[in-house]
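Take the sequences, apply the hints, and build the full model.
Take a look at the letters that make up each chain.
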Amino acid sequence: MAASPMEQFEVKPLIPIHVGGYDISFTNQALWMCVVVGAVSLFMAVALRKRSVVPTRMQSMAEMSYEFVANMINMAAGEEGLKFFPLIFTVFLFIAASNFFGLIPGSFTVTSQIAVTFTLTALVILTVIVTGFIRHGIGFFRLFAPDAPIYILLFLVPLEVISFCARPMSLSMRLFANMLAGHTMLKVMAGFVITLGGAGGVYTLLAAAPEVLIVGLTALEFLVAFLQAYVFAILSCIYLSEALHLHDNH
Amino acid sequence: MADTAQTTSGTTVPQEGGFPPFKSQTFPSQVFWLTVTFAFLFVVLWRYAGPRIQGAIAERRGKINAELAAAEQSRRGAEDALAAYEAPLIEARERARGAAEETRTKFAQEAESAKAAAEQEADTVTAKAEERIAALQAEARRHIADVAKDAVIEIVGRLTGETVSAQEAAEAVQNAVKG
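As they're listed, the protein sequences go chains P and G. Going by my numbering, the residue at position 64 of the first sequence is 64; the numbering climbs one at a time, nothing skipped. Going by my numbering, the residue at position 31 of the second sequence is 31; the numbering climbs one at a time, nothing skipped.
Since the hints were derived computationally from the structure, they do not count as laboratory data. Some hints could be false.
When the alpha-carbon atoms are kept at most 30 Å apart in a straight line, the in silico DSS-like pairs for lysine-lysine are as follows [what the hints assert, rightly or not]:
#	chain 1	residue 1	chain 2	residue 2
1	G	K23	P	K187
2	P	K83	G	K63
3	P	K50	G	K149
4	G	K115	G	K149
5	P	K187	P	K12
6	G	K128	G	K115
7	P	K50	P	K83
8	G	K23	P	K12
Below, the structure is given as structure tokens:
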């Protein structure tokens, strides 16, 4: 029985909760968010329980993730960007863990929902805007006007404004679409295997082809899962860097 | 599109078709639970994991630096100890060389003086011996004159039958020795 490839993205309420006209039911997605956050928290708790000078394997992994993100921020936004370390660290681990948990067959991919990716993006962009105005006041609008002659600025300023406004879109869409497309593709291939396998005769043998493809795609999805978390985090760093330094060091 | 063969526990699941991620009636719930879980993770990482990892890294770096410094200090201590150990050794060697030199010169001097004394003694002995030889020679020469005189008297008596006085014989010998 082949289910629709889109069925895996259906948000289904498990415990209905309605507060003030809003449906904030505890859904299968909420359950997986709790699993993701719980797993990351538990990992950190166990890894850092002893906090020894000579790290255990898990502590070493925790330190690696820390230094990976710290280096990323340092590279993209400089020493000052480290103020945002907790935010970027959380964003990176949340997305990476969600993507990886989404690869478990039968699980729900939290980041395959536009509402989730857009909320995360909104958090980052709002942080960028607030940081920019706190640091530069009204001068933050210079972000839209790089050093250039006035006749070039006439074209450049609209472009910069469009580019800035497109960021939340591209940032949220990229993650959402990558997760959605990858998982849909796996489901479609799996559907082929079942359909062909049930068809009998020579078709049953042909079912091996999509099966092999699924194995390859799954490996690719692991790469994408990490890469998208990395891309999201490093783009957040770059946007924050612009809010901190405007165009000064670009 | 959606599967209707669902047995969700009596909830009002909207099962109308459509692209699931764009079903806006699920958005409040998604945003709410994302906010809750994300905030939880943020607090965990910000308040617990971050500082602990940073602490562990800083502690390790501090310990490594401290131990490197301690190792450096130990090395310097070892070098000092080596120098302190070698100094008296060098001094002792110097002293031993000095003592040997001194002893050698002393013995050389002693040998020199002993040799000188021995030579002096040898000289006196030689001089005495020479004196005695000279005396003996003189004595012998005198004896020879007497023997020659006796021989003259005998030879003349036997050849000529004349007796020569001792006086004449002595003179004749004297002349012959002189001639």
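Evaluation of the provided hints:
1. The suggested pairing of G:K23 with P:K187 holds, with an alpha-carbon distance near 20 Å, which does not exceed 30 Å.
2. Between P:K83 and G:K63, the direct Cα distance comes to roughly 26 Å. Compliance with the 30 Å bound is thereby established for this hinted pair.
3. Among the hinted pairs, P:K50 with G:K149 is inconsistent with the structure: their alpha-carbon atoms are about 139 Å apart, more than 30 Å.
4. Using a Cα cut-off of 30 Å, the hinted pair G:K115 and G:K149 is violated, with the two alpha carbons roughly 50 Å apart.
5. Under the criterion of a C-alpha separation no larger than 30 Å, the hint pairing P:K187 with P:K12 is consistent with the structure, at around 19 Å.
6. For the hint pairing G:K128 with G:K115, the CA-to-CA distance comes to about 20 Å; that is within 30 Å, so the pair holds.
7. Straight-line distance between C-alpha atoms of P:K50 and P:K83 comes to about 26 Å, which keeps the hinted pair within the 30 Å bound.
8. Of the pairs offered as hints, the one joining G:K23 and P:K12 holds, with about 11 Å between alpha carbons and a cut-off of 30 Å not exceeded.
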